[in-house]
Amino acid sequence: MGSNTKMVAEARLFLRLGLLSLFGLGFYYAHLFFGMFGNVFLFKALAVLFLLTALPLPIIAMNNKRLFPELQRPGKTILTTAAVLLLIHHFLMTFIFVMFLQEGRVF
Numbered sequence: 001m002g003s004n005t006k007m008v009a010e011a012r013l014f015l016r017l018g019l020l021s022l023f024g025l026g027f028y029y030a031h032l033f034f035g036m037f038g039n040v041f042l043f044k045a046l047a048v049l050f051l052l053t054a055l056p057l058p059i060i061a062m063n064n065k066r067l068f069p070e071l072q073r074p075g076k077t078i079l080t081t082a083a084v085l086l087l088i089h090h091f092l093m094t095f096i097f098v099m100f101l102q103e104g105r106v107f
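Numbering (our numbering), first residue to last: 1 to 107.
Simulated from the structure, these hints should not be mistaken for lab results.
Misleading hints may appear alongside valid ones.
Calculated lysine-lysine pairs in the DSSO-like style (CA-CA distance at most 30 Å, straight line) [said to hold, decoys possible]: (1) Lys65 x Lys76; (2) Lys76 x Lys6; (3) Lys65 x Lys6.
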């Protein structure tokens, strides 16, 4: 696999995982405010799944210097910080969902 092909594949993976993690934000708040899922096992499993999709984002953003070559240094710092904050958010929400929440609406 050429370096250019590998760079494009990693950028696509990063974007797909990022979009899936942003979809996870909608899932967390939809369940908190509207109680979208009646099955306890289902929403706990989805919470863990969204955490696992957010896990590689900061790793890819920090370790790959050629991820988005057009971005300058401040842009890459913002991208890495956003990925870390998204991971922290998903971790805290998954912890709350798995440990404390029951089925139904919270608020």
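So, going through the hints one by one against the coordinates:
1. Lys65 x Lys76: 9 Å, holds
2. Lys76 x Lys6: 19 Å, holds
3. Lys65 x Lys6: The hint holds at about 13 Å.
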